[in-house]
Amino acid sequence: MSTVKLTVNGRAVSVDVEDRTLLVHLLRENLNLTGTHVGCDTSQCGACVVHVDGRAVKSCTMLAGQAAGCNVTTIEGLAKGDELHPMQAAFRDNHGLQCGYCTPGMIMSAVDIVHRHGGKLDEETVRQELEGNICRCTGYHNIVKAVLDAAGRMKVAQAAE
Amino acid sequence: MGVEGIGASVVRKEDRRFITGKGRYVDDVKLVGMTYAHFIRSPHAHAKVKGIDSSAALKMPGVVAVLTGQQIVDDKVGNLICGWAITSKDGSPMKMGAWPAMAPETVRFVGQAVAVVIADTKNLAKDAAEAVVVDYEELPAVADVRSAIKPGAVQLHPEAPGNIIYDWHIGDEAATKDAFSKAANVVTLELTNNRLVPNAMEPRAAVADYDAAEEHYTLWTTSQNPHVARLVLSAFYNIAPEHKLRVIAPDVGGGFGSKIYIYPEEMVALWASKKVGRPVKWTGDRSEAFLTDAHGRDHISKAEMAFDKDNKILGLRVKTHANFGAYMSLFSSAVPTYLYATLLSGQYVIPAIYAEVVAVYTNTTPVDAYRGAGRPEASYLLERMMETAARQLKVDPAELRKTNFITQFPYQTPVIMAYDIGNFHASIDAAMKAIDYAGFPARKAKAKADGKLRGIGLSCYIEACGIAPSKAVGSLGAGVGLWESAEIRVNPVGTIEVLTGTHSHGQGHETAFAQIISERLGVPISQVSIVHGDTDKVQFGMGTYGSRSIAVGGAAIVKAMEKVEAKAKKIAAHALEASESDIVIENGEFKVTGTDKSIALPMVALAAYTAHNLPDGMEPGLKETAFYDPTNFTFPAGAYICELEVDPGTGKTSFVNFVAADDFGRLINPMIVEGQVHGGLAQGIGQALLEGVVYDGTGQLVTASFMDYSMPRADDLPSFKLSHTTTLCPGNPLGVKGCGEAGAIGASAAVINAITDAIGNNKLEMPATPDRVWHAIHG
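Quick mapping for you: the protein sequence lines, in order, are chains A and B.
Heads up, the first sequence is in our numbering, so the first residue is 1 and it goes up one at a time.
Heads up, the second sequence is in our numbering, so the first residue is 1 and it goes up one at a time.
In case anyone wonders, no lab produced these hints; they're calculated from the structure.
Incorrect hints may have been included.
[Unchecked claim] Pair by pair, the computed Cβ-Cβ distance ranges are:
{"#": "1", "chain 1": "A", "residue 1": "42", "chain 2": "B", "residue 2": "775", "range": "25 to 31 Å"}
{"#": "2", "chain 1": "B", "residue 1": "702", "chain 2": "A", "residue 2": "43", "range": "17 to 23 Å"}
{"#": "3", "chain 1": "B", "residue 1": "696", "chain 2": "A", "residue 2": "16", "range": "43 to 49 Å"}
{"#": "4", "chain 1": "A", "residue 1": "123", "chain 2": "B", "residue 2": "433", "range": "44 to 50 Å"}
{"#": "5", "chain 1": "B", "residue 1": "618", "chain 2": "A", "residue 2": "123", "range": "21 to 27 Å"}
{"#": "6", "chain 1": "A", "residue 1": "122", "chain 2": "B", "residue 2": "702", "range": "46 to 52 Å"}
{"#": "7", "chain 1": "A", "residue 1": "115", "chain 2": "B", "residue 2": "55", "range": "52 to 58 Å"}
{"#": "8", "chain 1": "A", "residue 1": "42", "chain 2": "B", "residue 2": "442", "range": "42 to 48 Å"}
{"#": "9", "chain 1": "B", "residue 1": "61", "chain 2": "A", "residue 2": "123", "range": "49 to 55 Å"}
{"#": "10", "chain 1": "B", "residue 1": "79", "chain 2": "A", "residue 2": "122", "range": "51 to 57 Å"}
{"#": "11", "chain 1": "A", "residue 1": "115", "chain 2": "B", "residue 2": "17", "range": "52 to 58 Å"}
[Stated by the list, open to error] 27 Å max Cα-Cα, derived DSS-like pairs, lysine-lysine:
{"#": "12", "chain 1": "B", "residue 1": "471", "chain 2": "B", "residue 2": "394"}
{"#": "13", "chain 1": "A", "residue 1": "145", "chain 2": "B", "residue 2": "652"}
{"#": "14", "chain 1": "B", "residue 1": "22", "chain 2": "A", "residue 2": "80"}
{"#": "15", "chain 1": "A", "residue 1": "120", "chain 2": "B", "residue 2": "721"}
[As the list claims (entries may be wrong)] Selected chain A positions facing chain B (Cβ under 8 Å, derived; list incomplete):
{"#": "16", "residue": "34"}
{"#": "17", "residue": "42"}
{"#": "18", "residue": "44"}
{"#": "19", "residue": "47"}
{"#": "20", "residue": "76"}
{"#": "21", "residue": "79"}
{"#": "22", "residue": "84"}
{"#": "23", "residue": "93"}
{"#": "24", "residue": "98"}
{"#": "25", "residue": "103"}
{"#": "26", "residue": "123"}
{"#": "27", "residue": "128"}
{"#": "28", "residue": "134"}
{"#": "29", "residue": "138"}
Cβ coordinates follow ideal geometry from the N, Cα and C atoms, glycine included.
This is chain A alone, in the form it adopts within the complex (with noise of 0.2 Å):
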């Protein structure tokens, strides 16, 4: 066992974990955020996507030890209280989502491909990025409108700050 301290949504936490445990079943067994999933066993899918020091993370291929120190950013902590981020908001409205279990990972790394590209995405870009993201449900046609749709909002939100 050991005691990884980290900052996960803003707040300072330490938890003893055996050492074997990786960052996602730390987020979801030890400080119960349920909304990160897990939707393989091969780093695959994306449904567990977080941000770790502001860039994209399957949570699944990290150690929580790894994550010490680090400030990690799960979907609950995405939203300013009731104000949803814009991609958040993209996804509800474009129905970018239908079961919604890859949902939090695909949201996750969209903000993240936001970030990278800037307002310089295109179609082919979010798909190409998208590759690290499974979703069975919606063949991707809405997701893609979403992330599109967000890179715009995120764009004037930045300009309004």
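Chain A is fixed; fit chain B onto it per the hints.
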């Protein structure tokens, strides 16, 4: 239509919890004292279980129990059942081998459970499982249908000689033979419908909790039909009587058919929770999903179609072998029979049809309904046949289809189905216009100049949704009725709860069903809650599969609403001192027509519950129930056209355009409907280009992870162009047909027809990987 009524693309009520990480799935459930189950699964496709030594595991930290297949047999937990009886052409019943929840003696597919470890944590259970020693005596295995039916093949079950479950037929053999004898042309086709893994993104899971004081079980499970699960667990598996078993299917992360069935793991979790006296959680990992979720499709077919000199179809003859895997899953028997062969008339006038279906055991994962279930197999066969025929007869494939379309309704096919309504010309015309079919030759020529092979492929599907009526399916062997129930509770303050026996696992029922109420009463959907997925809350219902929820469940809601409205009008009329026949409902108010007198819904509801001033003899309250049994299936239909390019150097396929023109009858929420079509198309295209289960000769599943089984990713798919044509379904009060499976049913043939058109070689099987396409081009 109101702002939030029928036909409005309102955003989904359920989305907020999913986009903020507040969805509640089975694996999110935590109970005090919970233990964790890890199954020990056979690494062999066929073996005798000679012994299980769990002594070392039982000494490990945190281990609560190691339970075996023999113990579950000793405790008289029932074997898994198949719920649809099929009779072979010789009159004999289907031949079903026994399937215990954990194998006491013989394992018949890789991944079949033989024992389970229960421990304080998931990791401790996994650690202990490593220490359990299972002594297997390996047996020869047979992993494909052709090998399984050969004389002298390994026999899986003593009950099924020759590994044959049934040899069934439908249609008129003599009339079909006669039709072929008069044919000017006969077109033949052999094809495989590749085996698929459903792969809902949420793996299956179960949390079971036994309350010894009440002798009562609660099961949280990833189910599309919690009431059916309770019925089967109670009546057939002897877990507990129904009133002592609560089944909850909370948020469920996709199903696609794979979560219809009651699997061994749920049974074992319930049984084990009593044995160990603590709650038991099992969450499957993706590898277990590949090995144990019921697979889909897996047909090998030979088909012949007879045409007269005017290219009119005279007859169709089909022989199909269906791979059932090692055991008969819950609805497996119905899939290649009443959900497949009954759709072999497609959109066409085919005077004579004869189809034979042989169901075969192999040492592979059981096969059952997967999105479309039999109908994709029928549609793929027919639509490849039409394309093949058009090429052989040297006519345009669209013209050949139009020459043979059914245009008079109702239309009785030679294979049971009676189509109530449709307009197939409207769909194909809409699709051809959307893709500029007429301009294709010029585009093909231009692509050729650029070194690319361009092709166009059509697929005109019809499907049958909302399997019904109950009396008819019962006469065909179904073990259940296929009606649906609804209960509507108008609360004393006028808010409304709708309890439905259907289950939403992505389909958006919480929004679409609320829109039906909004349409009737003029109340906003925020005033309406849809309750589903809990046998303690909702009366018996049949669940969600076969695109039945709106056509059957939605109709049940309308029937219950009619009763609510009738009573509410009586109360309103009494309060307003008016005649009941003069009361109309508008914008949430009950008005006396032609006057300015009205009373709002909350006041009517309050009057119903205070009961201070009700009409003489009226019972208090405003709550009504309806059970709706349809009179027929519904028949969604449409036309899909795919245009793509093949790179002759690599065999790689690139989409140029994919258009879909569907007729689903009335649309409740077009945004949700289109989302359903997108998802279905992705699964159909996935089958055509990417997905395919591979077993090696010994029955090992080679494609057992997302690294080996190619799931469609965002950059594998195009954006889709959708349109709708409309004929209202006459069989239900909403005029709806169902839209959940259409895309998966129609898409694969359009893709393969386009590739074979591009490369000029019709010998191509799914998935049409670059390797296969390259070889089809270059030999």
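Consistency of the hints with the structure:
no.: 1; hint: 42/A <-> 775/B: 25 to 31 Å; in the structure: holds (29 Å)
no.: 2; hint: 702/B <-> 43/A: 17 to 23 Å; in the structure: holds (20 Å)
no.: 3; hint: 696/B <-> 16/A: 43 to 49 Å; in the structure: holds (44 Å)
no.: 4; hint: 123/A <-> 433/B: 44 to 50 Å; in the structure: violated (24 Å)
no.: 5; hint: 618/B <-> 123/A: 21 to 27 Å; in the structure: violated (60 Å)
no.: 6; hint: 122/A <-> 702/B: 46 to 52 Å; in the structure: violated (37 Å)
no.: 7; hint: 115/A <-> 55/B: 52 to 58 Å; in the structure: holds (55 Å)
no.: 8; hint: 42/A <-> 442/B: 42 to 48 Å; in the structure: holds (46 Å)
no.: 9; hint: 61/B <-> 123/A: 49 to 55 Å; in the structure: holds (53 Å)
no.: 10; hint: 79/B <-> 122/A: 51 to 57 Å; in the structure: holds (55 Å)
no.: 11; hint: 115/A <-> 17/B: 52 to 58 Å; in the structure: violated (25 Å)
no.: 12; hint: 471/B <-> 394/B; in the structure: violated (45 Å)
no.: 13; hint: 145/A <-> 652/B; in the structure: holds (26 Å)
no.: 14; hint: 22/B <-> 80/A; in the structure: holds (15 Å)
no.: 15; hint: 120/A <-> 721/B; in the structure: holds (24 Å)
no.: 16; hint: 34; in the structure: holds (4 Å)
no.: 17; hint: 42; in the structure: holds (5 Å)
no.: 18; hint: 44; in the structure: holds (4 Å)
no.: 19; hint: 47; in the structure: holds (6 Å)
no.: 20; hint: 76; in the structure: holds (4 Å)
no.: 21; hint: 79; in the structure: holds (6 Å)
no.: 22; hint: 84; in the structure: holds (7 Å)
no.: 23; hint: 93; in the structure: holds (6 Å)
no.: 24; hint: 98; in the structure: holds (4 Å)
no.: 25; hint: 103; in the structure: holds (5 Å)
no.: 26; hint: 123; in the structure: holds (7 Å)
no.: 27; hint: 128; in the structure: holds (5 Å)
no.: 28; hint: 134; in the structure: holds (5 Å)
no.: 29; hint: 138; in the structure: holds (5 Å)
Hint compliance for this structure: hints 4, 5, 6, 11 and 12 are broken, all remaining hints hold.
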